[in-house]
Amino acid sequence: MQNSRAHLWFIAPALILIFLILMLPIGLAAAMSLTDYALGNPGFNWVGLENYERIFTRSTYERMFGATFRYVAVVVPMSVGLGLGAALLIHSLTRFGNLYKTIYFLPVMAALIAMAIVWEFALHPTVGIVNRSLEAFCGTPLELWRWHANGCENGFPLWLSDRDYAIWTVAFIGVWQGFGFNMVLYLAGLTSISPSLYQAAEMDGATSGWERFRLVTWPMLGPTTVFVVTITIIRSFQVFDTVEAFYPQGGGPGKSVYVMMFAIYEKAIQQNLMGIGAAITIVFLAFVMILTLAQRWLVERRTHYV
Amino acid sequence: MASIELSRIQKRFGTAEVLKDVTLSIADREFVTLVGPSGCGKSTLLRILAGLEAADGGTVQIAGQDMTRVRPAHRNLAMVFQSYALYPHLTIAQNMATPLKLRDLSRWARLPVIGPLSARSAYRAIGEQVRETARTLQIEALLDRKPSQLSGGQRQRAALGRAMVRQPVAFLMDEPLSNLDAALRVHMRAELSELHRRLGATFVYVTHDQAEALTMSDKMAVMMGGRILQFGPPDQVFANPATLDVAEFVGSPKINILPGEVDHDGRVSALGRGIPARLLVDGRLAKVGLRPEQLHLDGGADGWLGRVVHRENLGHDLYFHVALDADDQRLVVRGAQDRNGAESLGDAVRVGFKPDRALFFAPDGTRLHSVVPAKLAESA
Amino acid sequence: MSEAALGASATTRFATREVLKHVVLILGALVVLLPFYVMISYSLKAPAELMQNTGGFFGSQADFLDDRCILLGGTEASCMVNPIAYNYDSAFREAPLFRYLLNGIIVTVSIFVIQVIVALPCAYALAKLKFWGRDAVFGLVLFCLLIPVHAISLPLYVVLAQLGLTNSYAALVIPWTISVFGIFLMRQFFMTVPDDLIDAARMDGMSEYSIVWNVMLPTAIPALMAFAIFSIVAHWNDYFWPRIVITGDRSLFTPPLGLREFRGDADGSNFGPMMASAVVIVTPLIVAFLLMQRRFIEGITLSGMK
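Residue numbers (this note's numbering), protein chains in the order written: chain X, 1 to 306; chain C, 1 to 380; chain A, 1 to 306.
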């Protein structure tokens, strides 16, 4: 292309919007995090790193980090692992694969806020279908499982309002909602592996399914895994809908489900403490960046074919 | 190294019969080519031999042992795939070491970190074998690269290396040269033949290119429609094709087929010109095959009259496409070596032929043999 | 693979393996479908049945007495209602559910259209035009892929609030006008379009603008479908952002917000209607997914390609 400036007109709108909507707010958040700004106040004071100091010393925020990391630490490996497992199983089926694919993908399409409300009913301590079903198995061999026997005697967990269960229950719902998406991506990755590689592996003497998986499937899924893990990290850090639906006030029993997005919402929007909210935003962004870049670097080093 | 016996192999995909009762025996150390147009079943036959495909009927014997129900990994064959099928995430050295590791190392010794530490000498031996093979193929410099960093020809060699590094009973090759450019393909033909001689191994080679079959193999099996039409040394297949299909498939440019007639005495004529041969059939139509190199443009007075419509200059050879005046028939004629290019487009020519190597076929394509040698028939 | 070549002895083992896979997948499917079962079942049953957890999936479907109708002065005979009719009727009567659905459509469609108008030319320029700084722009796009827009919602909210734009359609749409993911997806797709096509269009005398809209747009339909799926699913189901910028004004509620508000004043008799509205909100995307499943999955597959 000589003497054409068409590209300027093509990229300018996107660049301006990227700057205004993505870059500028990060700078703004960084600036706000150093102030005691509140919406409606005429002015504000610079408070230096006070907000950050608070985040890293107060026990509320310790719980916030705890809840967020517990959630991410469960949801990322579980939904990636289950996604891969489901994809491998479905891919190896001769029939009905599409049916399972459709079913497992349904939660991805359904509005999480609606499904959160449904889960709340399902997990209701007394009339919920989950505990009802568990009770129905009392007196059966399932009682050999000590946890279940204990539940039959002393009642099954309260799930969402039990401090010991709440965060894991919310994480379970996160896995339930997200693994179908990963499964579809992995299925796409699996179908694009050339059959001749499996044949070559067989000729080379890879006789067990595990050997074929290690030699061909897993390495060939490398790029898919990078993509899947990245988006799963970003998504799970952003968990909000379920938490807000279950615990509109305060982040769950003993603040055990006080995840970062909810903290930002509570502090900044509900309590109008913009400085704190902005500081959490910056810390949040730093985590997401570090984690995704780190995993990219780790995995890409191994899987890049070049 | 071993001989291979395929007997009465049948294979169908759905309703399509891909292989119809194919029997083939390959001697130890032989270079055998399966050649035929696409869809003839040659690749399927190779994959049944490898075990990658299960036959619906028939048996596979390798070195005298029935291998029909043995899985590919245990047949001890090596295969070079059309796409090379190198593991893209491994270096060439690792690619070549894979079959050795999978076969020679215990499960324990194959573990990622502990393995190399605990079985150090085994790993060293494997590394040595890989380097040795790489040296033979002159790809030592490429050992640390990944397949994506190599050219087509280099990948081809690496795939060969992976096949060669262990001592398989036979090498199977599925169109290994078809992804290379023309010049490299010709070069690799020579190299593969040489490799075969040096290794003294059994090679089974699948190709759709009759030139590869002619140039490389000890024996070629021409396949069409799920059958082997002819199996023999290239010279013999070329000079003495069993059927019209074989005659048409082997040889480039393609053999000229003329409509012929046989009179009551078995004398043959084509396009009004007698051909000195006698067939045991009479009063029938026949087809006469004349290869371009048996035709020439100075046919004299009784040559077929025609006009040059196309000149195909291959540098070392010049072919004339001649449209005959009398019939709706075209002939491809090789120009004489000494007077290359004397005729030009549009020239009227008379096409003559050397009568001694004409081939005759019945209308259904089966070969008809002259009962008297051509020379005698002429004088009779 | 070559399992078939392993002979008859393996076929029985093969069959049991296949059955085992189905058992695992069916168990998974049951867990995945559980909340959908609860949601649909609750939307069909009478309040008493919900409280006592009787009636199985469909409930008895016996008419019951609507207390509210009595309060409004109806006779007992005229206030007997069918549970399904009651639930779904209340869902639409007690909240302007149609309005919410309409808002959902307005917002998702405007977001998608603007995103395409911004992203398509930019993606074309990045894929097919050579200009100074192209790699830098693409690098910026890749970097911005890692920024979760939800995370920077706080500064965006502050700016919109200062501009007096909260509680408007604009507030719902503006942050989503730029989609770096859309640019990335489209650019990857355009990379696969042969240069010859564009050169041919130039030889025919087309301007760069008409190339974008008359040549690239039609060829990019599969990629656009993929992007539409991502965009529409994300914004139809989005709860966090509307929750922040829409406060109070019901006429601007998107479906998730409407559902949330419903829940806010839910008592026992309301569960049925609430589940009915959850069904109404979740159904459009699920139905669209079931109808165009192949497109959906193709689209997601496309997004995973590198």
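What the hints contain is simulated information worked out from the structure, not anything from laboratory work. Remember, it's a predicted structure, so these values are computed and weren't measured experimentally. Wrong hints could be hidden among the right ones.
Claimed, not checked - Not everything, but these chain A residues come out facing chain X in the computed CB check (under 8 Å):
#, residue
1, Met51
2, Ile152
3, Ala161
4, Arg260
What the hints assert, rightly or not - Straight-line Cα separation of at most 25 Å, DMTMM-like style, residue types lysine to aspartate or glutamate; simulated pairs:
#, chain 1, residue 1, chain 2, residue 2
5, X, Lys101, A, Glu18
6, X, Lys101, A, Glu298
7, C, Lys146, X, Glu211
8, A, Lys21, X, Glu211
9, C, Lys20, C, Asp347
10, C, Lys101, X, Glu62
11, C, Lys354, C, Glu175
12, A, Lys130, A, Glu18
13, C, Lys354, C, Asp317
14, C, Lys254, C, Asp347
15, C, Lys219, C, Glu293
16, C, Lys219, C, Asp28
17, C, Lys287, C, Asp235
18, C, Lys287, C, Asp325
19, C, Lys219, C, Glu175
As the list claims (entries may be wrong) - Stretches of chain X that chain C covers, calculated by requiring three or more beta carbons in the stretch to come under 8 Å of a beta carbon on chain C:
#, region
20, 188-199
21, 203-213
22, 218-224
Idealized CB from N, CA, C, for every residue including glycine.
Now the hints, each set against the structure:
The beta carbon of Met51(A) is positioned within 8 Å of a beta carbon in chain X (closest approach about 7 Å), and the interface hint is therefore held. A least Cβ separation of about 4 Å between Ile152(A) and chain X falls short of the 8 Å threshold, and the interface hint therefore holds. Taking 8 Å as the C-beta cut-off, the interface hint given for Ala161(A) holds, the closest approach to chain X being about 6 Å. Proximity of Arg260(A) to chain X holds as hinted, the smallest CB-CB distance being about 6 Å (cut-off 8 Å).
About 16 Å separates the Cα atoms of Lys101(X) and Glu18(A), which keeps this hinted pair within 25 Å; it holds. Between Lys101(X) and Glu298(A) the alpha-carbon distance is near 13 Å, which keeps this suggested pair within the 25 Å criterion. Proximity of Lys146(C) to Glu211(X) is assessed by CA-CA distance (about 21 Å); at most 25 Å being required, the pair is judged to hold. Proximity of Lys21(A) to Glu211(X) is assessed by CA-CA distance (about 19 Å); at most 25 Å being required, the pair is judged to hold.
The hinted pair formed by Lys20(C) and Asp347(C) fails the criterion: a straight-line CA distance of about 49 Å is larger than 25 Å. A hinted pair counts as satisfied when its Cα atoms are at most 25 Å apart, and Lys101(C) with Glu62(X) does not qualify at roughly 50 Å. Between Lys354(C) and Glu175(C), the direct Cα distance comes to roughly 36 Å. Violation of the 25 Å bound is thereby established for this hinted pair. The suggested pairing of Lys130(A) with Glu18(A) is violated, with an alpha-carbon distance near 53 Å, which exceeds 25 Å.
In summary, the hint linking Lys354(C) to Asp317(C) is supported, as the alpha carbons are separated by about 18 Å, within the 25 Å threshold. Distance restraint check for Lys254(C) and Asp347(C): the Cα-Cα separation of roughly 23 Å lies within the 25 Å cut-off, and the hinted pair is therefore satisfied. The hinted pair formed by Lys219(C) and Glu293(C) meets the criterion: a straight-line CA distance of about 23 Å does not exceed 25 Å. Distance restraint check for Lys219(C) and Asp28(C): the Cα-Cα separation of roughly 12 Å lies within the 25 Å cut-off, and the hinted pair is therefore satisfied.
Taking the CA atoms of Lys287(C) and Asp235(C), the gap is near 22 Å; set against the 25 Å cutoff, the hint holds. As the CA atoms of Lys287(C) and Asp325(C) are separated by approximately 20 Å, the hinted pair is consistent with the 25 Å bound. Taking the CA atoms of Lys219(C) and Glu175(C), the gap is about 17 Å. The hint holds against a cut of 25 Å. A count of 4 residues in the region 188-199 of chain X with a Cβ less than 8 Å from any Cβ of chain C is obtained; the coverage claim is therefore met, three being the minimum.
For a cut-off of 8 Å, the count of residues in the region 203-213 of chain X with a CB near a CB of chain C stands at 6, and the three-residue condition holds. Closer than 8 Å: that is the beta-carbon criterion, and the region 218-224 of chain X has 3 residues meeting it against chain C, so the requirement of 3 holds.
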